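Student: With chain V fixed as given, assemble chain U with the ligands onto it according to the hints.
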Amino acid sequence: MMEVLSPNIERTFDQCAELLRDLTFPTVAAWKQEHPGAKVIGYFPVYAPSEIIHACGMLPVALHGAGDGLELQHADARFGSFICSIVKSTLELAMTDRLAQMDGLLFSTICDSARNLAWVIKRNQPGIYVDFLHLPHNPNGTASHHFLVSEYRRLIGHLEELSGNKVTDEALRNSIAIYNENRRLLSRLYDFRMEHPERLRTWELYVLMRAGNFVPVETHNEWLRGVLEELPGRSGKKRDAIRVVVEGSFCEQPPLDLIKVMEEAGCTIADDDFILGRRWFNADIPVEGDPLMNMAESYQDRSVYSSVRHDFRNPRHKQLLEKVKHAKAQAVVFLTAKFCEPACFDYVLFKKELEAAKIPHLPLEFEEKAYTFDRFRMEVETFVESLLFE
Amino acid sequence: MATSEKMEYRGQIHQLQKDMMVEWYQKLNESALTGKPPAVSLMISGNCIELLEAFDLLPLYPEVNALQLAIRRQSLEPILIAEEMGYATDNCAYVKADIGAMVKGITPAGGKLPVASLALCNFVGCNVYTKWFEHIAEFQKSPLFMLDVPFLRTDSPSKDDIAYVVRQLHDLVKQLEQISGKKFDMDRFREAVRNSAKVEDLWSRIKHLSKKKPSPYDAYFDAISLMGPLYVYRANPRGVHFFEVALKEYEEMVARGQGPLEKEKFRVVLEGPPPYPFFRTFRDMFAKWGACAVASTYSTVGGLWEFGFRHDPAEPFEAIALHMIENNVTNRNYLQRYDQIRKYVDEWDADGLIIHFVKSCRLFSAGQGDMRDYFTKELGIPTLYLESDIEDPRYFSEAQIKNRMDAFFESLGHAPARTAAQLSAGRAGSGIPMVPVQSPKLRVLN
Ligand code: SF4
Ligand code: SF4
Chain V
587 MMEVLSPNIE RTFDQCAELL RDLTFPTVAA WKQEHPGAKV IGYFPVYAPS EIIHACGMLP
647 VALHGAGDGL ELQHADARFG SFICSIVKST LELAMTDRLA QMDGLLFSTI CDSARNLAWV
707 IKRNQPGIYV DFLHLPHNPN GTASHHFLVS EYRRLIGHLE ELSGNKVTDE ALRNSIAIYN
767 ENRRLLSRLY DFRMEHPERL RTWELYVLMR AGNFVPVETH NEWLRGVLEE LPGRSGKKRD
827 AIRVVVEGSF CEQPPLDLIK VMEEAGCTIA DDDFILGRRW FNADIPVEGD PLMNMAESYQ
887 DRSVYSSVRH DFRNPRHKQL LEKVKHAKAQ AVVFLTAKFC EPACFDYVLF KKELEAAKIP
947 HLPLEFEEKA YTFDRFRMEV ETFVESLLFE
Chain U
2 MATSEKMEYR GQIHQLQKDM MVEWYQKLNE SALTGKPPAV SLMISGNCIE LLEAFDLLPL
62 YPEVNALQLA IRRQSLEPIL IAEEMGYATD NCAYVKADIG AMVKGITPAG GKLPVASLAL
122 CNFVGCNVYT KWFEHIAEFQ KSPLFMLDVP FLRTDSPSKD DIAYVVRQLH DLVKQLEQIS
182 GKKFDMDRFR EAVRNSAKVE DLWSRIKHLS KKKPSPYDAY FDAISLMGPL YVYRANPRGV
242 HFFEVALKEY EEMVARGQGP LEKEKFRVVL EGPPPYPFFR TFRDMFAKWG ACAVASTYST
302 VGGLWEFGFR HDPAEPFEAI ALHMIENNVT NRNYLQRYDQ IRKYVDEWDA DGLIIHFVKS
362 CRLFSAGQGD MRDYFTKELG IPTLYLESDI EDPRYFSEAQ IKNRMDAFFE SLGHAPARTA
422 AQLSAGRAGS GIPMVPVQSP KLRVLN
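As they're listed, the protein sequences go chains V and U.
Per the numbering used here, residue 587 is the first one in the first sequence, and the count goes up by one each step.
Per the numbering used here, residue 2 is the first one in the second sequence, and the count goes up by one each step.
No lab work stands behind these hints, which were simulated from the structure alone.
Treat the hints with caution; some may be incorrect.
What the hints assert, rightly or not - A few chain U residues facing chain V, derived, Cβ under 10 Å: (1) 128; (2) 131; (3) 135; (4) 154; (5) 168; (6) 185; (7) 369; (8) 375; (9) 401.
Please read all numbers here as calculations on a predicted model, not as lab measurements.
Glycine residues also receive a C-beta, built at the ideal position from the N, C-alpha and C atoms.
Just chain U, same shape as in the assembly:
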């Protein structure tokens, strides 16, 4: 039976998160006005914020700009501006919103955004990144650094893959020295990497808390709120503090048997980015059915830590390379993503999988029909397939999504639980080798 419940944010971390992000935007504004500290634009996925931290450089994330525009319902105007410039209706709207906003001087928080002293394209899986950064460099006349990360096309990265990225990181250091006017300090770099390892450890423990019943937070919607500090402050003590507070708060909720919903009726895994222009509406649709996400692939775009990877301060360059190549969902191959989702369903004990196809993002979406086929037919996992967009409000059909969701949860409420035998039968027939998500040579801190 559906309820009209809405999920509400609780606790102090959401406020803390907001304050930290506002502060970051203030710093960006300051950098835009004074040139200090210089800003470097880079991508969320598998990035090397640790190196920027070591040089006191300010990260500027075009993706976060796009996200903020969408969530504040300001994305359509810049998208249309970009389409006037020649971008196709079919191009990733994240790029269109960011570029459209950039040329018109629209910023999500109202303040100014700096021109990047370096457009650092840490190309991690998404081919659109390379275009996006080429365009940023062209329109802003920023120098471009194309950090080429080999796609994970084997079970784990080879020595050559790692050496290739490390060589480029050393080249990058030289460029960052010029931009910042500082000499590279290995100790500060190690310190930044150590902070990241701590944050990752805390974040990973949070991720495992959603195995509890009820889960103390929603691993899609709430996880996204935590992702801001994770990317902007990961290598900084502020990030460590934030995640300590977050972990404590969620542990207390577990102790009280409390979750984000009045009652957790369904546990689901979410695949694919969210519809940011309708974030709240989308969330309410889940809340209505008492459905809580216990895991999501989108919350691993920046890094995949819940299976053990941590940045290793003893080998900081190699750690960054491993993070980029192997330990974020976007640089892993498609079948490894199936594997990741299957683990979530099994180990986080979910009732079903929701695949959110977003038109903009072929990295996520191309082939999701096959993914659905695999999970429903091979594994017998109830799967719902929805379509909209991450950024473009024109592709959200509320009535259609609501109907499909209602039908899905209605029938899920009547479905018998899968048996262990069904699970292993599905596995035997999948034809996909179990690939360990965790790199065996890495140190596990928790």
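So here's chain V without its partners, still in its complex pose:
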């Protein structure tokens, strides 16, 4: 396994950032070499039950498009205009054999574009296992729990066949505990950043978290623990900046430089929804008891709000306000992928709620393959100034 954790914390972040840029999935290749015959499942954002994949002795790999690292030669003709970048770049990755290390690809009910993508990939990559999880939308009562358990069982059936391994309750409980640990460590890092944003920049936290998409969770846990140990000794200078919550980048990810530009232009990001699937639950999934039922109940009743999960018992626009309050933020920056339908729709009710609560916000749109940020920087600076000197 590639060594990322270095005694120098800055070096760790740089190495993580390099890992994100590398479209050859070097860590996945290394894992396959170390585990001959073992299978890898790539999953499209936002959320996938990694615990199940892990319990089957497979490596779950969260896909996040191709950033600016890929020319689209096939995907544009197939997905055309008005479709977000990540759908196209993921198809391009597949059609240029860059997903060859994946033995299976998993999609879920996040939006219509991603859903059709699943089947377009299936047609163009007939050799690999492509599946689609229906994650429930009706949070009332227990029908969804039972349904989701049956959906997980269906998935397990396919994974067992693919891997030749059996998924036992014991293995599931073990995986749940390991992923709980991962989420707890991430949440500690998020808390640390909220308290001491000058000592842990958002881009650093981001690359560290995202690098976990490509390595076994056990390895990622080690990295996170290592960084958590180092952080208290780290120093940082406080700056004139406004505290913001970033909302809208739960699926397609903004270019890393864009996150840096936001920070440079005077935003202290106190909370965000980057790579939300890694932090999907706001409490541990219970380890004791029926593991699949525990996972299903957690999905419905103990998960974070998201534009792609529907829970009208507790609407997202109310929860965003809570988030802002908890983060002691002054403003919200909507960082929305171009053509991201769920995010665009949610903006309407978010906006209404924020305006009523007199919380300023800045709507911004990005594409994963963007590489010049001058206009973006100016917009953020103007917004920051208007708040700093109001």
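Tutor: Just chain U with the ligands now, with coordinates in the frame of chain V:
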């Protein structure tokens, strides 16, 4: 050689259809004024109108409102209002037109529209529905029922899929009892389901009449006119009567060898929703070339009946679940749609496929480039790809569409017919398993 022919509606059903829809709008107006009967807003696709019928509740279809606004060229104003509210230019304009009209009190027929006593989101495939109904519930302060329908991600629905929907339908019944103040009556429900089965049977027979040459009606443009009664009156005896009249009329046209055009020169299959703001213009472009749609995927958004599915009164809840999960185009997966289109081309004997990409609707459009690739390269079927929008008049470029259409039909006129060998060669190479559209366990009534 192109002619300047225009397609004209003939016969009594178009008038009957109009009268029935006007009457429905009058009822909505009455409900808005008196609160009676209470209205429930729901989606067209795979809906459960049978349950509303059993409770005498009035269906309110936001999609039909949006459609009516567009076809009357009234959609731009509400779209702009919605964009002022924060909706993106890229969001589905159906939603924008409906919400914009709702907040400004604009209605397509001039009368009033009631506030829904329940926003019933029968989420069937389209993820936009969930947002649309969340917003309706928020803006109108209506209670929301999110009826979650598992997407058809396997060849046919599993027992668990069906059980999940049936459980939710039972929950829904309790809510409808409260709204209507009536006790659920199983016999009335069965009766409604029986009506639906009859309508579906008639509709399906109509759909098969377009296999005739010439087809007695256009299975895109005319089918859309019939879709109003199909959704609003399906579970009602009025619906049965309407489709009896329609079938008879089309059968008579077949007997006379008559179609909607002077002469049917091309038979095409249409994929994708129509450009409602330019419905007539679009239709005339086809008529000009003597092109008649013999089948369309859009006419199956509400339900896919031509391959055998009928609501079964013996198991009414399960029937609704099966309709929702498996028997409408929007909840079926993308490759199953390829399969459906291929059947149309083969069995309805079409000369080509027209894919209408609409910007608003990613459910239909995301990936249509791949669809074109499959039909042209794998199957050798002449395919034309057009782009505009279902609702937003700003995305219709008449000259461009006309040019592409002219070029397509010009070359189609010179193309040799596909041979049987070509057809099966394409099939062998497609890599898509033939998935039966019809659920094997269902009773076929015709
Ligand atoms: S970025 Fe938005 S539109 Fe694109 S796949 Fe993700 S959720 Fe769907
Ligand atoms: S996205 Fe398409 S199916 Fe969904 S509401 Fe809009 S037009 Fe209808």
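Student: Run the structure past the numbered hints and jot down the numbers of the failing ones, going up.
Tutor: 6, 9
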